[in-house]
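J.: Sequence:
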Amino acid sequence: MVSTNYAPEHAGIGPYATQIAEHWAGLGHDTHVFAGMPHYPSWSLDPQYKGAFRRTEKRAGVTVHRRRHTVPGRQTAVKRAAFEGSILVHGAVAPPRMPKPHAVLAQMPSLAGGVLAARLAARWKVPYVPVVQDLMGAAAAQSGISGGDKAAALAARAEAYALKRATLVGVIHETFVDKVVAMGVDPKRIRLVPNWSHVEVPSAPRGETRRHMGWAPNQTVVLHSGNMGLKQGLEVLVGAARLDPRVRFVLMGDGSQRSALAELSADVPNLDIIPPAEDGKFPDILAAADVLAVTQHAAVLDMSVPSKLTSYFAAGRPVVASVAAEGGTAQEVQRSGAGVLVAPEDPRALLKAVHALADDPVTADELGAAGPRHVAANLSREAGLARIDALIDEALGGPLP
Numbered sequence: 143m144v145s146t147n148y149a150p151e152h153a154g155i156g157p158y159a160t161q162i163a164e165h166w167a168g169l170g171h172d173t174h175v176f177a178g179m180p181h182y183p184s185w186s187l188d189p190q191y192k193g194a195f196r197r198t199e200k201r202a203g204v205t206v207h208r209r210r211h212t213v214p215g216r217q218t219a220v221k222r223a224a225f226e227g228s229i230l231v232h233g234a235v236a237p238p239r240m241p242k243p244h245a246v247l248a249q250m251p252s253l254a255g256g257v258l259a260a261r262l263a264a265r266w267k268v269p270y271v272p273v274v275q276d277l278m279g280a281a282a283a284q285s286g287i288s289g290g291d292k293a294a295a296l297a298a299r300a301e302a303y304a305l306k307r308a309t310l311v312g313v314i315h316e317t318f319v320d321k322v323v324a325m326g327v328d329p330k331r332i333r334l335v336p337n338w339s340h341v342e343v344p345s346a347p348r349g350e351t352r353r354h355m356g357w358a359p360n361q362t363v364v365l366h367s368g369n370m371g372l373k374q375g376l377e378v379l380v381g382a383a384r385l386d387p388r389v390r391f392v393l394m395g396d397g398s399q400r401s402a403l404a405e406l407s408a409d410v411p412n413l414d415i416i417p418p419a420e421d422g423k424f425p426d427i428l429a430a431a432d433v434l435a436v437t438q439h440a441a442v443l444d445m446s447v448p449s450k451l452t453s454y455f456a457a458g459r460p461v462v463a464s465v466a467a468e469g470g471t472a473q474e475v476q477r478s479g480a481g482v483l484v485a486p487e488d489p490r491a492l493l494k495a496v497h498a499l500a501d502d503p504v505t506a507d508e509l510g511a512a513g514p515r516h517v518a519a520n521l522s523r524e525a526g527l528a529r530i531d532a533l534i535d536e537a538l539g540g541p542l543p
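For reference, each letter of the sequence shown is one residue, going 143 to 543 in my numbering.
No lab work stands behind these hints: they were computed from the structure. It should be emphasised that the depicted structure is a prediction, and the values quoted were computed from it without experimental measurement. Wrong hints could be hidden among the right ones.
[What the hints assert, rightly or not] Cross-link-like lysine-lysine pairs, in silico, DSSO-like; alpha carbons within 30 Å at most:
#1 K423 / K306
#2 K200 / K267
#3 K242 / K330
#4 K267 / K306
#5 K200 / K242
#6 K267 / K330
#7 K423 / K200
#8 K242 / K267
#9 K330 / K221
#10 K306 / K330
#11 K267 / K321
#12 K221 / K242
#13 K494 / K192
#14 K267 / K221
#15 K306 / K321
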């Protein structure tokens, strides 16, 4: 597997890459991962890897080959290009030393990772299968990153290079298919492989967790968990918090926009920005909130589906999605039956939906209960990993022994 993001990263794509690789190792396969240095979602290098240039390590039976790259604390098109370029150059001059594999799978929010995987598979003459987690060309155009318009065409060309060379292409959502076909990929080679819920079910009593978090029993708590980047448009939560000091808003996580959000909300006493939760406590904190928020800029349509949704659904709390109604995120929320949609970038609309759920706990509980049912029926870890195995088996022409 080629995946810039990997354990110990606990958010975004890292947990999926990790669970796939560890699943393969658990089946007895000699599994190797070509990865970057841990940096996400804080966009700062993990202190344990400070000074590391190249490192090979064993994690849960998986051999992980890491290469150093730049880590931009602030996201601009130029800095993102330097990030991708450093991954590509270091990976090209120092590929992993390992036996010839049966196949190469790439996790593709990283353009450089996709290109490296395609080149490695061609060198080894083995099937190459990328899984599209985010569409980077569309992301550059839709996310609001500085200089994104100019970067979009270049990113799309690199993306097309990596995808057109694939044996099969996996996409995590059907809204990605048309974009991938437009890059020159035969639709007959595209397979739908949705992500799964990679967290455990909540186990602690809600009241106990709320006391630990300092949340009053009668206070409505709206929680956003995950990356604090440009495409999330988290300013809408700051705006909603200003409108009603009785509602507590909590942003839990990290990302390139965290400091800007902290500055923007410095005079908003009912908005808290807290670090990412420990893996063992994360599901309980989600379940202790009254409402789970997912937000995106209005321009974000078909370039990504937030990985946080699978965790939200498993938590059993209602979701308020401040997203474009025609995008993939909205489709997932509607498909789950676990939440409501509001207009993006509209603090008043978001707050109105929160008030409606707070005033109607029966409806809120019904929406919340739909999430775990949706996970059990469609988003289990076993089903998700089986889809990846089937994708690789098809690319190989049959299952490995």
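J.: Hint compliance check: list the failing hint numbers for this structure, sorted ascending.
T.: Going through the list in order, the structure violates hints 1, 9, 12, 13, 14 and respects the others.
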